[in-house]
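*Asks:* Sequence:
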Amino acid sequence: MDDEGAAMTTTTPRTEIEPYDPGSVAQRWQQRWEADGLYRTPDHVEGQQNWYALTMLPYTSGDLHVGHWFAMAPSDVLARFKRMQGYNVLFPMGFDAFGLPAENAAIAGGVHPKDWTDANIERMRGQLKRMGAMFDWEREINSSDPSYYRWTQWWFLQLYRQGLAYRAEAAVNWCPSCNTVLANEQVIDGHCERCHTEVEQRQMEQWFFRITDYAEQLLDNDQLEWPEHVKRMQRNWIGRSEGTEVSFALETPTADGSDEIRVFTTRPDTLCGVTFMVLAPEHPLVSQITTEERRVEVEAYVEQARHTTEIERQATDRPKTGVFTGAYSVNRLTGERVPIWIADYALATYGTGAVMGVPAHDQRDFELAGKFGLEIRVVVAPPGWDGKPLSEAYLGRDGSQVSSGRFDGMPNAEGYEAIADHIVAQGWGERRVTYRMRDWLISRQRYWGTPIPILYCDDCGTQPVPEDQLPVVLPEDAEFKPTGDSPLKRHAGFLNTTCPQCGGPATRETDTMDTFVDSSWYFLRYVSPHDDEAPFDAEKAKLWGPVDQYTGGAEHAVMHLLYARFFVKMMRDLGLVDHGEPFLRLFNQGIVLSEHTKMSKSRGNVVAPDAYVSELGADVVRLYLMFMGPWEGGGDWSDAGINGIARWMNRAWDLATSPADALPAADGPADRDMTRRMHQTIRRVTTDIERFKYNTALAAMMELTNDMAPAFEARSVSQPVWAETVRRLLLLLAPMAPHVTEELWERTGNPYSIHAQPLPAWDDALAAVDEATLVVQVNGKVRERIAVPADISEADAKQQALASERVRAYTDGHDVTKVVFVPGRHLVSVVVK
RNA sequence: GCCGAAGUGGCGGAAUGGUAGACGCGACGGUCUCAAAAACCGUUGGGGGCAACCCUGUGCCGGUUCGACUCCGGCCUUCGGCACCA
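If you're matching positions, the first sequence starts at 66 in our numbering and goes up one per residue.
Because the hints were derived from the structure by calculation, they are not lab data. Any given hint could be a false lead.
As the list claims (entries may be wrong) - Derived DEER-like restraints, expressed as beta-carbon distance ranges:
hint: 1; residue 1: 86; residue 2: 732; range: 32 to 38 Å
hint: 2; residue 1: 669; residue 2: 176; range: 22 to 28 Å
hint: 3; residue 1: 358; residue 2: 331; range: 31 to 37 Å
hint: 4; residue 1: 331; residue 2: 847; range: 54 to 60 Å
hint: 5; residue 1: 780; residue 2: 888; range: 35 to 41 Å
hint: 6; residue 1: 814; residue 2: 860; range: 49 to 55 Å
hint: 7; residue 1: 386; residue 2: 290; range: 46 to 52 Å
hint: 8; residue 1: 360; residue 2: 561; range: 16 to 22 Å
hint: 9; residue 1: 127; residue 2: 680; range: 18 to 24 Å
Said to hold, decoys possible - SDA-like mimics (lysine to any residue), calculated; alpha carbons at most 25 Å apart, straight line:
hint: 10; residue 1: 194; residue 2: 284
hint: 11; residue 1: 663; residue 2: 188
hint: 12; residue 1: 863; residue 2: 851
hint: 13; residue 1: 666; residue 2: 99
hint: 14; residue 1: 546; residue 2: 127
hint: 15; residue 1: 554; residue 2: 538
hint: 16; residue 1: 758; residue 2: 650
hint: 17; residue 1: 863; residue 2: 847
hint: 18; residue 1: 385; residue 2: 284
hint: 19; residue 1: 607; residue 2: 619
hint: 20; residue 1: 296; residue 2: 284
hint: 21; residue 1: 605; residue 2: 166
hint: 22; residue 1: 663; residue 2: 169
C-beta: ideal position from N, C-alpha, C; glycine also.
Work out the full structure, taking the sequences as your base and the hints as a guide.
*Replies:* Structure below.
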């Protein structure tokens, strides 16, 4: 067989070994693992610490694409890695199963949302299983199952009882043609995405969660091991503003006795620069204060604002608009009379819905004043101000007070405090903190969601459904018609009920909850997914604690992650959990691209993993996704790139299965090198995986196999060292490629299962090199490399460096002014003049 | 507009302030083959030189340092987030 020529290559005689068949290997082990319950997770194992690993649960859209794999497979690697490090690891999976697409499918295709969803779950579960993750399927959850949403309703009732759930009027996007509320994403340039009708704003009774009560606590995220930008985004989203709420007197009190307008300002130092007031068009005082001669114009403006969507209104490049109400207010600080305007740049939902107009020191006020010829009075003089009119508002905080009466001459930072104190002392207002974040609107006029467990009785008013009557079940015989009306509204059997208080007739709330409510507590349901006494078992929740490592897409940086934090804080305040944060560590993976663009159905560039899994195996798909680049960076899917991984997988298979009979029984000349390489690889792979650097962990293993092949061919490594190298390579690779390593583990004579083995440890002494390359730089340029003992002394290194002929070519005839030795780096830097 | 992240070969990417381009893809040359594919071996930032080697090179311009992809200042570009929040 082998002749002189063959020794020149690393070709393994393939006739002797069975080639790798990924399909049969994966199938065999997936069946075995499931039959053995290898991934069932007990709540406690003596002598092991619990570790809760979680990846965001998928929406039941239908098919798993490579984006799902990219999110889940590397998470699985970490979970498996932790397991091999000796932790009792919980790594569950479930389905975010409520939501609009199911209902749209029902309207369009006549298939019931439940059937559509269940079929998708069935398909996705199968696809997830083919990925070979260590999910504990006995803990699977489905947010659209009554056994789950019963508890979502239960949470609603706890919030309601705490006063954290309330009903109020809110503006929503309303399509008058579809006769329904639209989410912001469904409004395209002010028009309905489906029928292209112009969308208007409508006031409707809606349910809210009082998340703003927790604004201050949610702001405190310093101790979380999350990406800094996510924490910053949450802080910006919450948008804490310190300022002063100031009362302005109404010159003419209204018929119902209101005699003031309250405004929130972060700049009390500019109070003497107020030359007008602005109310939001929706402000309750508008209709009352508008004078008869201004009424027609004001009402027209209000009406116009009503038809403008929130999104349109928030376009910052829109020229300022507004109308005068005819009414005046009095600035109590100056006694001045200022006109009251309405303008849609004042937001009804922020602060008090009214602002004081200080055109010299606020750009929006400046623009309005410029357009309508209102006075622009400078009260904070910019440094070096020449007294001339400003070309734009001066927003700086380093000016001094002018035209501010007794406050004149103060630096405005001081004026800020003095004027605010004065306002408070006079009883004209108080210091206040305002948040940009609004309460969470959870009402959805949809069928396919968790019904809000509330009913309305003519006599007893709004009544919560008693807990023992949960769940309020979605009627399956609802009708799905393209009217836009919720099917629950037209379902008499659902709608009509009796009041738990008086037994009289009552109607049910027909709105369902935002699906973000479902996903705000699912991570706790996994600790006791079949519990029918409580949403979760408190003792088990204590055992698992908060999620140790959460992974998912960056698109959830604010909403989902903020809502979940709110829920856990609420649970803690109810005494149901010990911890106040749901996720201790967070990691955001990047996005997989295809043809350099984001995958989307409309572009038709969605990459389905199924064909690659069938052809190359789940292990190769997993490895390729991890090798594309750093996990947080995402990457571009390439058919060519995956072949490199497939090739390497085959090479590794050949190495592990080649009979080692021809190798020396002991004392191979390359044993020391091979052992060192092995320990270096263990060290690199271990530290890389802990930092989510799967790409470099894999590269390290590739380097090892690149060294193993020639050593095997040259028979320079002994049988025991070879066997040990193969064994440890398999262990290191096991979290990433669970099927093929299990197969090779068995074929190399090891006991089932590789996934129950401890991770190999490295020995720094064995990983250490004994010969190193001394690099010599002259004036920063590398001029020489000398082989030296690794433990060379500083003096020897410098001496050898300076003695080198090549170095002397650069130093002879020059003054050597400095010689630097860098110990750990085997580097000498020579400076010459 | 504001906040943030990132710019390295033909491509994906690697480098605790210390040998830039690991590992992989692709390309080129070769082995095997009647031939091709697969597999394997070799070369592969650019420029120069017969060669040993030399010059140059991490978006652009400066700075710190014996030494900068890395740190600092200022630009440019791309991508994310927020966007009239008083």
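*Asks:* It remains to establish, for every hint, whether it holds in the given structure.
*Replies:* Quick rundown of the hints versus the structure:
no.: 1; hint: 86 with 732: 32 to 38 Å; verdict: holds (36 Å)
no.: 2; hint: 669 with 176: 22 to 28 Å; verdict: holds (24 Å)
no.: 3; hint: 358 with 331: 31 to 37 Å; verdict: holds (35 Å)
no.: 4; hint: 331 with 847: 54 to 60 Å; verdict: holds (57 Å)
no.: 5; hint: 780 with 888: 35 to 41 Å; verdict: holds (38 Å)
no.: 6; hint: 814 with 860: 49 to 55 Å; verdict: holds (52 Å)
no.: 7; hint: 386 with 290: 46 to 52 Å; verdict: holds (47 Å)
no.: 8; hint: 360 with 561: 16 to 22 Å; verdict: violated (43 Å)
no.: 9; hint: 127 with 680: 18 to 24 Å; verdict: holds (22 Å)
no.: 10; hint: 194 with 284; verdict: violated (39 Å)
no.: 11; hint: 663 with 188; verdict: holds (24 Å)
no.: 12; hint: 863 with 851; verdict: holds (11 Å)
no.: 13; hint: 666 with 99; verdict: violated (34 Å)
no.: 14; hint: 546 with 127; verdict: holds (22 Å)
no.: 15; hint: 554 with 538; verdict: holds (14 Å)
no.: 16; hint: 758 with 650; verdict: holds (16 Å)
no.: 17; hint: 863 with 847; verdict: holds (15 Å)
no.: 18; hint: 385 with 284; verdict: violated (33 Å)
no.: 19; hint: 607 with 619; verdict: violated (28 Å)
no.: 20; hint: 296 with 284; verdict: holds (9 Å)
no.: 21; hint: 605 with 166; verdict: violated (35 Å)
no.: 22; hint: 663 with 169; verdict: holds (24 Å)
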